Structure formats: structure tokens, C-alpha cells
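**Student:** Join the two chains, each given in its own frame, into one complex according to the hints.
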Amino acid sequence: MTLRYVYPRLDQRSLRLNLERFRDDFSGSPDLIYKFVSASPLAPDRIAHNAVGVERIPTDQLDAHRSALTTIATNHGFPRIRSDFSAYDRETSYYLTNELRIYPSDAGSQDVWAHFNSWLCPHLVAWRWPLTERTLNSEDVKGFERFGLGPRWFHRNQMGRLWWRGFVLNDAYWSSEIGEDQLTAILERPSIGRSPLLARTIAEAWLPFKSASGSEALMRDAVQRIRLLLPVYALHSLDADSMKTIVDEAFAESISFLARSPKGRRRN
Amino acid sequence: MSVIRPYRVLEADQLVLGPWKDISGGVIEESTRFQVGVDLQIHCQVDLDLFKANYSLFNDEAPTLASQSLEWVVEWFSSKTKLGGVTSRTAVSNQSQILNVTLPGDLIGDRIEITRKVILSSDVTIDFALAPRRKGSIVWSDEFQFRIEGVGGQMPITFISFEENGLNRNAVWTIDISKPDSLTEESFDEPFPEHLRILLNSGSPMSRQIAAATSLEDPAIVFILRTLARDSLAAMIDLATAESFDSGRRYATGTLGHQLSTALKLAGISNVEEFRSRSYMAQMALIQGAVYR
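Chains D and H supply the protein sequences, listed in that same order.
Counting from 1, one number per residue, gives the positions in the first sequence under this note's numbering.
Counting from 1001, one number per residue, gives the positions in the second sequence under this note's numbering.
It is worth saying that the hints were derived from the structure and are not from the lab.
From a predicted model like this one, the values you see are computed outputs, not experimental measurements.
Treat the hints with care, since some could be wrong.
Claimed, not checked - In the BS3-like style, the derived pairs of lysine-lysine whose C-alpha atoms are separated by at most 25 Å in a straight line are:
1. D:Lys210 with D:Lys244
2. H:Lys1021 with H:Lys1082
3. H:Lys1052 with D:Lys244
4. H:Lys1135 with H:Lys1021
5. D:Lys244 with H:Lys1021
The following block holds chain H by itself, in its conformation from the complex (with noise of 0.2 Å):
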């Protein structure tokens, strides 16, 4: 969405922008690895032209204006904690400047959002009516996501005690979809493991098996794995079937939207009303025939 504010902004041709990178150099894509309590080192490469930026944004009156009174800063906020704040700031200069940005590692989590600005670093006194006056006024803006901790696809396994817990005591596993009351549009922008996860019963000698299992050679095991995928598989698709999961929307690698785009094309189904409407039996079948292919 764009913003309209009440004076002169910098134009596309004034900047040059570089990627941000994680402190090997590595561009950041979707997402990066992260330690808890270990803060997060990021930078990128950002050019300004001075001279055209002075003309854009105070009509050339002041010819150094735009050296004296713009910054850089980087804010950043975290989805999980909803905590915000600023990370750097960095006069402008006309040469290339690196913005190194650090992420507080005790305050991040999940989805992080890191818009860098241009702004006004004083009050300025001009007579161009449409110059940006006020300490603060932002005259350019970019922003860029990324996800933190959680990016792994694989499904997560716990091993309980089905028993103590209320489940099947005779059942191998079960897949547990933790919070089907919570479910909302935002629910699958979140970290996937965060929604499914595979229950192994630890009172059960075919769940240690599998568990103890080194060779996927073994008939026995291949069996049980297909099996386990197949319900995996079923309890994906189920969740694609909510009323507020958007199959035609282009999820961030390992949330749970992503996680679900993926299970409907490994089964082939292009059409989730179309699915819906089939019957169980139907349905299973065409689950079974994907992971079986």
C-alpha cells in the first residue's frame, strides 16, 4: 500500500539497494537459521545520491540540506514477541554505506519484518512549501521479511505415553493437530511445526521399532513409514480443507500455508472445493495413490 504524505519524497532513480545478508555474506531469502538468546547479525548495501535527493526533496535551495539533515535507520519487528525497535542509524553520505543491523536475540522469534527509512535527522527551516520540515519525516521506506527458528519442513515426533494421556492405548501413533480451535487466517503464516506433529506411543513395540529402525530396507518398516506417511499426509489435507486457508495464496517457506500448498500437490489436488465434496473413501484414495506413487 502506498502512502501519501504531505511533502516531497525521494524518487526510485536516487537510491540503489542492496540485498540483505546473514554474516556469512549469504543473501537472505525467506528465511534464516537462528539460536535463541544469540543476536542476529544482518547488513546490506544502500547507495543515495545526494545531489539528486537535495533537488527532489528541497528544490535545490539549500544545496548541502540533504547531507545535514537525513539518516538512515533500521527498525525491525518480531511476529512472535510483537516487540519492535531500532537497530541502526547512519547519516547519509553520497558514497556506498553499509547498514549493519543487529536482531536482539532474546526478542526475536518467528516472522521478522526489517524496514530501513530515510529520514529527517533535525528540524529543518526552508521555504519550499513541499519540503519535509519535521524531525522524524519519513522520505523513504523499504521493507523486507524473513522467518527465524522453526524453518525446518520436517514433521516433528514426540514420543508419549498414550495411556497416560488420554489417547488410544493399543494405537501406534496418532497425528496430533494442535490447535484446530485457534485456526485464523494468521494461523498459517506461523511455523509449521508449531501445528503438527506426529505422536509416538511409547508404550507400543512397533513405535520403538520404527524409532529403533536403521534400514529402511526391511518390508516391515517400509510398510509402517507409508502407512504413518499416509496419515501424515490425510491431517495435512484435512487442515487445507479449513474455511480460512488460501490455496490459491503463495506461502513463506516452512509455515504452515507453505507446508499445506505442498501436501495438495504431492496428492495432486488442484481444486479443494472439488475435494471436498468427494466422498471419504474417495478421498482416502487418492491420498493413498500419492503416497504410493
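Okay, chain D solo, but in the shape it has when bound (with noise of 0.2 Å):
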């Protein structure tokens, strides 16, 4: 069996802290916000882990991870600004799904990718998410959303969504072209989303239509079709070729209603 980890938490309230930090004393610039949490410590006293007798993540591995997270973000341009982030996004939740070891238990832990966000990688998250000039001059910190803070982290959170992305999805998501609206569409809907079966069933059937034109209204048609099948068949239960048949249904349905109701596509 693999050995897994828990990973330290970081509390909400030092989390708003280090945010403070990095927006005012470093105007939320990666460089220098890297430069200073590569002077601090990996395991501050505050930190934290979850309250149970499973293996805690050595502190030389942390750093392991750090140091090849931000070899993956240097590769991809770090630190200088960039518009398109979709390889360096797939890079990396390659990298965090298959190294990190966590349990996914730990993984559904705010507190865990605050950490993560803010304390071990917020260089990365301010590059990949620069501050706002609206964030910066900000009373609070509620824009922080990227680094966990805030009521949608679970999807939001730039490291977190990135493991959960490559734990439900695998190469649907490494090895494709499928964007942000339809990874939305999935991961975001908890009735679809909690099946990795499903998640990649409905991605799968999506990626030959990626380039035609109203791809994305097809993905939005589709998956509301879908759901609405989940109270009368039990679609989680069905075994991967059954279940096939169903989305590749629902497609060919949507397909059909877009293509003869322009209404339906404003709709959407």
C-alpha cells in the first residue's frame, strides 16, 4: 500500500493574515513574496494538522514540493506575466494529484489548501492570479478567494481545485483540450462531479465537439439533461459502458434541440 500523508492546516484567521501581508507589504508582487517565504520557516507553531494518527508530511518533502511546483511555474514563465495559463494549470495538477500522497479525505480540508495557498506556494497563486488593483486597495480580504479564503474555496482555490481536478478527471483533464467552462460545468455540479466514473464519461463525450462552433452550450445542455435523469436512474450504479450509452444519449439530444431551436441556445 502507498504510504499517505496529512498535510498541516492553516486557520482562516492566519490565513487573512498572511493576505494582509503579502497585499501590503509586497503589493501582492510573486517575486517578493516568494523571496519571503523562502526565509521563513515550513512549520510554524500555528500550524496545525488533523487530529488523527496517520503519517504527517515530513517537512523536507514540503519543501520538495515547493521547489518542483515552482520549477514547473518557472518552465511555464514565472515570474513574468502571462494570459494563458491552461498547460501550466494541467502541468501542475499532474505534478499535485500524483506526488502530494494525500489523503483525499485531508484533501476536502479548507484549512489544508490554505496552507497550501498561502504559506507553502502563495508566489505561484499570486502569479497565476495577480492581485487586482481593486484587491490591493481592498479594506478586507474577501477578493482572496484563489487562496482559499471565502464561502466557494472548495472550487476556487487554485491548488485544491487543481488536485481535485486531476483526482476526479486524470488525463480527461491532463491529455485534452477541455476548458475552464465545461471543467465548471462537471466539477461544480456536486450530483455529477462526486463520480469520477461520470465526470469523465460526460468529458469524454464532449471533447469531439470541442471545436465546433456552440461547444459550450452544448456542454451546458447536455449536463442539465443528465441531471434530470439522476432521480429516475440510478446512473452512478451502472457500470462504465451502460453509463455511455445514457451521456451519449443526452448529447445526441442536446445536439438535436440546439441545432432546430435557436431559443434553446440563448437559453443557454
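**Tutor:** Given below as C-alpha cells:
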């Protein structure tokens, strides 16, 4: 059995303090934040772990993760300003999902990703999601959801969302051209995203249409149809072939609906 | 919410359902203990009257169809990981059956939903127009929820250096409300310890005295603990006055909502609106009174 770890947790108050410091002392500069965190200890006394008797990630491995993730970012242009992060996100997701060896139950904790985003790799989050003028001048830190603050932290925080994408979709994310809009349609619907098999089946059903016009509307309409089937068919309990048949039917219905109904296209 | 299905489903009198039990045989009420990484095993007993089911679903046109085409499946969902899966499938029989369920310990946390369903295990060909036909069609289901991890009601306590963490270096303790920016209606269904904790100042002699106390008879310790209890209660009531908290709702044990409801009861506050309208001094007097009662 592969050894797995629980990761350090940073409480929300400390996260807020860190973010205020990044904003006020470093103006959100990824470079300056990197210099700051590189010189700070990785295991401050305020950091807690899940109170269970399983293996904690050693400090030297945390350090190795920070180095590896920074190297990936450097290969993609860090700290220079970029506009397209799609390839960077996929490579980072691949690394996180395959190398962290974190318990998924631990990866469902807001405080675990607060530590990752604001203590281990805040420079990468600040680079990937540059702080806007509005956020920098804001009195509070509510705009920092990419670091893990706010009610939408699960789907918004940078490192956590990439880990979950990789965990649920695997190659359907890493090796495909599925876009942000489609990922949102699949993963931010608990009734769909709860089943990695269903999520992958939907992603794979959409991919042949990725270059077609209206492909975004197609995904949204098909997902809506699949969700309507869930109270009637035990879709999650079906084998892969039966599930694929139902998903393909939903896409076929959507294509037919969108083709004959400009109204329907607008509705989406 | 009831679901209207385009085919016949099972009636309540065709099923006898036992409660979900843990490995020791105890009935799971609202929560159960759990260790991360260790699979959680639960089970329940079910009885399905196949004769009646056959009539109900297939109009008795094919007398053995129900026994050939129905199966029990159990699906789970964890609110913490937002993951789910199928954990048990068993062909239905005309005798009592035990549904044994193993929940993957590394994939679950917080609130668990367990849904047991009777579904068609294969496509069915039959003339009866209202019969379920397609493999996977749900002909009956029910749902059960319980919580794991963080079920304790005790306020978590953490020792930290206040000076190094930007807090008042002379303070003995502070009550940390962890997620004031993230509070939504769902927050009150989350484990209580994720939201509130007592921070003790590791640089304060009095704080160390509290931690080392072995007897509650020392009047100085009693006074300190009562003051700490007052501050904790005040913090909980402060959270309970948030717009998104529903003081009329019944929250599950171990959740933030349950803890706040208990705090309101303890302080004798039945009307949160009325409490909010009081002056700060009047609010504190009421809380102080509750602690010293």
C-alpha cells in the first residue's frame, strides 16, 4: 500500500493575516512574496494537523513540493506576466495529484489548502491570479478566494482545485483540451462531480465537439439533461458501458435540440 | 421531495427496512466515530416482498421478473470530499437480506449520505405500459445521513505565541472565530471545531497555569475558567446572531448550528432578534448570568 500523508493546516485567521501581509507589504508581487516565503520556516508553531494518528508529511518533503511546483511555474514563465495558464494548470495538476500522496479526505479541508496557497506556494498563486487594483486597495481580503478564503473556496482555491481536477478526471483533464467552462459545468455540480467515472464519461463525450461552434452551450445543455435523469436512473451505479450509452444519448438530444432551436441556444 | 417517475415504483408495504448499524451492531443515530484512512463498515437488514413487488411493477404479467431483474444498490456521498460511489450491490431475494457496506476511509469525511436503492439490474421487455424497463431505473430509494470526524462537542484549544502571531501579547486567551468571511447557511452544518477554537497564549504564565491545573477547587482557577466560559459563550452567541443562522432549525449533533442552538438555550435566549436589539452591556449581563447560574 502506498504511504499517504496528512498535510499541515493553516487556520483562516492566519490565512487572512498572511494575505494582508502579501497585499500591504509586497503589493501582491510574486517575486517579493517568493523571497519572503523562501526565508520563512515551513513548520511554524501555529500550524496544526488533522488530529488523527496517521503519518504527517515531513518538512523536507514539503520543501521538495515547493521547489518542484516553482520549477514547473518557472518553465511556464514565472514570474513574468502571462495570459494563458492552461498548460501550466494541467502540469501542476498532474504533479499535485500524483506526487502529494495526500488523503482525499484531508484534501477536502479548507485549512489544508489555506496552508498550501498562502504558506507553501503563495508566490505561485499570486502569479497565476494577479491581484487586481481593486483587491489591493480593498479594506478587507474577501477578493482572495484563489488563496482559499470565501464560501467558494473548494472550487476556487488554486492548488486545491487543480488537485481535485486531476483526482476526478485524470487524463480527461491532463491530456485533453477541455476548457474552464466545461470543467465548471462538470465539477461544480455535486451530483455529477461526485462520480469520477461519470465526470470522465461526460468530458470524453464532449471532446469530439470541442472545436464546433456552440460547444459550450452543448456541454451546459447536456449536463442539464443528465442531471434531470439522476432521480430516475441510478446513473452512478451503472457500469461504464451503460453509463456511456446514457451520456451519449443526452449529448445527441442536446445537439438535436440546439440545432433546431435558436431560442434554446440563447437559453443556455 | 418526492420524485415523479414515468413508471410504476414499489409501495411502502412491500418493504421492511432495518436501521443502519455500525460494526459493533449499534444503531447509528446522527454520528459515528471514525479514523482517517480506515474503512468504515456499516450494515442494515432489508426485506422485500417479491410477490407484491412483481404485481406492483410488472402487473403480474411475468411472475418471476422481479426476482430476475431487481437488485439492491447502496450509494454514498461525502460532503467533505464531495465524492460519492457505489459500495454494495446485491440481487434481491424473497428472504431477509443484510446489506453490508464498506465506506472507503480515505475518501470520506464530515457528513455522509447513504442511499439504498432498488433498481433494475437489466433491461426488461414486457407489454405492461407502466412497467420500468431500462437498466438502472430506480424503483425505490431512501436516504440516511450521519456525520463522522469532529463529532465531539468540546471547544478545541490551541497553544500559540500571541506575540509571534500578531495578537495582543499580554492577553491570556482569545476566542478564534475561524471563518467569519466564509459563513453561509451551509457553514452551520459543518463540524463545530472547524469554526471556533480557544487560543491560549503560550507566552502567558496564567495561560500555562490553566493548562497545568489538576484541581478545580482552586478559587483562582475557577474564576479564570468562568471568565473563559463567558467569553466562549459570548463568541458563540455572536456567531448565532449572523443573518445566515436559522435559530428555528434543528441542526445535527456536532455541527456548528447545533452548538450555537445549545448556546442560545444555555443563555436563555429564545428570540435572537430581540437579543440583537439590546445594548452591549445588557447582552453581556445576560451571558454572565448564564455562566454563573
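**Student:** Hint by hint, note whether the structure agrees.
**Tutor:** Evaluated hints:
{"no.": "1", "hint": "D:Lys210 with D:Lys244", "in the structure": "18 Å, holds"}
{"no.": "2", "hint": "H:Lys1021 with H:Lys1082", "in the structure": "23 Å, holds"}
{"no.": "3", "hint": "H:Lys1052 with D:Lys244", "in the structure": "33 Å, violated"}
{"no.": "4", "hint": "H:Lys1135 with H:Lys1021", "in the structure": "30 Å, violated"}
{"no.": "5", "hint": "D:Lys244 with H:Lys1021", "in the structure": "35 Å, violated"}
Of the numbered hints stated above, those contradicted by the structure are hints 3, 4, 5, listed in ascending order.
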